[in-house]
Amino acid sequence: MSDDKILHIQELIDSASSALKTANALLRAITGVIDTGKERNILRASHTAPASVGESGKVVEGIFDGQNMVDSEGNEYPIPANYASKSKLVEGDGMKLTITDEGKFIYKQILPIKRKTVFGILIQEDGQYKILCEGKAYRVLLASVTFYRAEVGDQVTILLPEEGDAVWGAIDAVIPKNIAEAQARETVSNASLEDGELSPSIE
524 MSDDKILHIQ ELIDSASSAL KTANALLRAI TGVIDTGKER NILRASHTAP ASVGESGKVV
584 EGIFDGQNMV DSEGNEYPIP ANYASKSKLV EGDGMKLTIT DEGKFIYKQI LPIKRKTVFG
644 ILIQEDGQYK ILCEGKAYRV LLASVTFYRA EVGDQVTILL PEEGDAVWGA IDAVIPKNIA
704 EAQARETVSN ASLEDGELSP SIE
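Counting in our numbering, the sequence shown runs from 524 upward without gaps.
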């Protein structure tokens, strides 16, 4: 891909990002809701079991928001990024947190949301790693990028909620850009042969 095309894509991303920020500002002015994503997760969490205390400690249920677990009261509980990455948690997953008497936080995924797999490119925007796919940039955990040793320009498959909007994606697999480029060249070469293009033979 040429530098001009990359620059044009970046300009489109910047323009779309600016328009989205303006739209969010207008929405906040009309509804008074500061964080629509958080409000959505609080609503989902309202359908989970209320907090309780058992033999193993305090138990809280909530919804994974891409970084943390949010309960029905809007409280946020930090989920270790390594755990979220390796477990491939998806925004909207139902979670259970047990806080032991010793103060340990033990998380368990209890209600996985229906998922879909999409394909995109790893980019860096505003100092954050994102996956550009289907005309939108989804945030991903730095721990996931590090775990898969992904680099900007790599082709990445991510998991998203099957329905509804999402801000975060969970990295499922990474194809390094050098391998992707080699595969593309091979595909073009094979297509040329199928079209009847023959290489001259030298005897």
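To be clear, the hints were calculated from the coordinates, so they are not data collected in a lab. No residue lacks a Cβ here, since even glycine has one placed at the ideal position from N, Cα and C. Hints may contain errors.
[Claimed, not checked] Using C-beta positions, here's what the derived DEER-type ranges look like:
{"hint": "1", "residue 1": "V690", "residue 2": "A572", "range": "33 to 41 Å"}
{"hint": "2", "residue 1": "L549", "residue 2": "D527", "range": "19 to 27 Å"}
{"hint": "3", "residue 1": "R638", "residue 2": "S538", "range": "23 to 31 Å"}
{"hint": "4", "residue 1": "A542", "residue 2": "L665", "range": "24 to 32 Å"}
{"hint": "5", "residue 1": "N598", "residue 2": "G676", "range": "32 to 40 Å"}
{"hint": "6", "residue 1": "K581", "residue 2": "D688", "range": "27 to 35 Å"}
{"hint": "7", "residue 1": "T623", "residue 2": "E534", "range": "44 to 52 Å"}
{"hint": "8", "residue 1": "E578", "residue 2": "P699", "range": "46 to 54 Å"}
{"hint": "9", "residue 1": "T621", "residue 2": "G597", "range": "15 to 23 Å"}
{"hint": "10", "residue 1": "T623", "residue 2": "A546", "range": "27 to 35 Å"}
{"hint": "11", "residue 1": "S575", "residue 2": "E657", "range": "39 to 47 Å"}
{"hint": "12", "residue 1": "E657", "residue 2": "N598", "range": "40 to 48 Å"}
{"hint": "13", "residue 1": "D688", "residue 2": "N598", "range": "39 to 47 Å"}
{"hint": "14", "residue 1": "D527", "residue 2": "A574", "range": "51 to 59 Å"}
How does the Cβ-Cβ distance of E578 and P699 compare with 46 to 54 Å: does it lie in that range?
With Cβ atoms ~48 Å apart, the hint holds.
Mind checking the hinted window 51 to 59 Å against the Cβ distance between D527 and A574?
Since D527 and A574 have Cβ atoms about 55 Å apart, the given range 51 to 59 Å holds.
Check the following: the C-beta atoms of L549 and D527 are separated by a distance inside 19 to 27 Å.
Roughly 33 Å apart at Cβ, these two residues miss the hinted range, so it is violated.
Is 44 to 52 Å respected by the C-beta to C-beta distance linking T623 and E534?
holds (51 Å)
S575 and E657, beta-carbon distance inside 39 to 47 Å?
Given about 40 Å between the Cβ atoms, the range holds.
Would you say the C-beta atoms of K581 and D688 sit inside 27 to 35 Å of each other?
holds (32 Å)
CB of R638 to CB of S538, is that within 23 to 31 Å?
For S538 against R638, whose Cβ atoms are near 30 Å apart, the range 23 to 31 Å holds.
Could you say whether the range 33 to 41 Å given as a hint is met by the Cβ separation of V690 and A572?
Given about 25 Å between the Cβ atoms, the range is violated.
Note whether the CB distance of A542 and L665 lies within 24 to 32 Å or breaks it.
holds (26 Å)
Range first: 15 to 23 Å. Now tell me if the beta carbons of T621 and G597 are that far apart.
holds (20 Å)
Taking 32 to 40 Å as the stated bounds, is the beta-carbon spacing between N598 and G676 within them?
Once the Cβ atoms are compared, 39 Å apart, the range 32 to 40 Å for G676 and N598 holds.
Using the beta carbons of E657 and N598, state whether their distance is inside 40 to 48 Å or not.
violated (32 Å)
The structure does not agree with the numbered hints 1, 2, 10, 12 and 13 stated previously, though it agrees with the rest.
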